[in-house]
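Chain by chain, the residues:
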Amino acid sequence: MNDDELTPEEKREFEDLPRQAAPSPFLWERIVHTLREDGTLRSSAAAPVRRQGAEAGVRWLRPWAVAAASMAASVVLFGSGALMGHWMGTRSSERAFLAVREQDAAHLAQRVQEAGSAYVTALAALGDLRPALGQGPGGGTAVTPAQAVSEIRQGREAAVAALYGATVELSRLAPGDPGVSEVLRVLEDLRFRENGAGAQRQQTWY
Amino acid sequence: MGFAEAGRQPSNHLTAPDHTLSEGRGLRTRSVGDSRGMPNAMTDQPSDRALADRVASDGDEAAFQTLYLRHTPNVYRFALRLTGGDVLEAEDLMQDAWINAAHGLSRFEWRSEFRTWLMGIALNRFREKARASGRRIPTVEGEWDVPTETEEPGKRIDLERAIGLLPPGFRAVLLLHDVEGFTHREIGERLGISEGTSKSQLHEARMAMRRLLGAERRTA
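Top line first, the protein sequences correspond to chains H and X. The first sequence runs 0 to 205 under numbering that gives the first Met the number 0. The second sequence runs 0 to 219 under numbering that gives the first Met the number 0.
For the record, the hints were derived by calculation from the structure and aren't laboratory data. Incorrect hints may have been included.
[To be verified] Example chain X residues on the side facing chain H (calculated, C-beta under 10 angstroms, incomplete):
#1 D52
#2 D57
#3 G58
#4 F63
#5 Q64
#6 Y75
#7 L79
#8 V86
#9 M93
#10 E108
#11 D157
#12 L158
#13 I162
#14 L164
#15 V178
[What the hints assert, rightly or not] From chain H, some residues computed to sit far from chain X (all C-beta separations above 12 angstroms):
#16 I30
#17 A121
#18 G126
#19 E156
#20 S170
#21 L186
In this text the structure is predicted, and so the values were computed from the model without any measurement. Don't be surprised by glycine CBs; every beta carbon is placed ideally from N, CA and C.
Working from the sequences, and respecting the hints, build out all of it.
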């Protein structure tokens with residue numbers, strides 16, 4: 000074999016590599032938000048993109064509802080992302096907390112989007128682990144299936160707790176919003192069921 | 000949804016587009032239309048150049064969205080490989096690349112395909128970030144810290160993982176040449192090295208990759 004050339008087998012392997020991947024949907028939001036802010040894009044020319052495969056009869060929400068929903072989603076994702084990051088042990092929550100507190104609104108909005116990406120990505124990765132558990136020790140993972148199941152359960156609990164905490168903050172941000180109240184009620188019920196009758200309904204966040 | 004339909008309904012909110020995925024097999028995928036702005040007769044899709052002109056002249060967000068949907072899946076995969084699979088870093092690269100591209104559309108001379116240009120911007124940002132963080136990307140033969148085996152001897156790895164284990168500079172040359180199909184001259188221009196250096200680095204990168212994959216084949 001000539002070391003300077005790929006073998007036919009190697010060529011095939013390279014050609015078989017996937018050519019595409021999907022980033023998180025928050026990437027688009029971050030980009031278009033920045034470009035709108037600096038005047039490169041005009042939002043009036045925007046097209047609402049319907050998700051492919053969605054039903055034809057989808058109706059677009061009114062602007063106030065969209066704004067409220069966006070705000071709610073952002074706050075929920077921010078809190079969730081922060082807690083997930085804490086759980087994963089990749090950052091000091093204290094440091095992250097101080098860093099967030101010191102930022103202005105524009106940076107905070109960006110942090111919300113970044114945290115949202117991290118949160119969704121981490122959860123998606125956890126979800127991807129589940130099918131691999133049946134492969135046993137030879138399935139390419141260093142942890143045992145029992146360990147993985149335990150860690151996935153921890154991740155899920157952290158994710159729900161994060162959603163709950165973020166929704167509490169959201170209810171402070173938008174008091175009286177019936178949608179937020181409903182989400183909060185559902186999450187409280189879920190936590191109450193999972194943690195038993197002794198579960199605390201008040202939580203100190205950080 | 001057709002482009003014309005997309006342009007009819009204004010919106011003030013951010014709507015994340017879906018990324019339609021497919022598994023490409025060729026070394027290079029062609030952009031829709033050609034670099035002179037002619038639409039593709041088979042698909043009747045607007046060309047990259049026509050879309051870029053609308054973004055540059057009118058700030059047309061729908062046109063930008065079409066470009067984004069068309070090119071992000073490919074360039075994001077490249078960014079993912081470039082960063083060794085770091086999703087957050089890859090998304091940051093993509094964000095910077097698209098923002099820089101949008102700002103520079105009016106100066107783009109269309110001597111290359113749009114995707115190639117976008118990929119080059121992402122690559123430049125990767126190198127800038129590496130420099131800023133003190134992670135110098137070696138460009139001279141002999142400066143490489145090449146892994147000789149996986150962290151866990153005997154553990155099976157695939158080509159994707161082997162690429163991710165290569166030092167960043169090796170990875171960049173290998174990706175550009177063997178995955179994306181760039182010539183040594185193009186790689187040299189983008190990385191600021193000579194064609195000869197690009198060739199020698201590709202040789203070293205392939206040897207390192209074979210050493211990594213060899214561990215797999217010996218234990219398979």
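request  = Report the numbers of all earlier hints that the structure fails to satisfy, in ascending order.
outcome  = 1, 10, 14, 16 and 17
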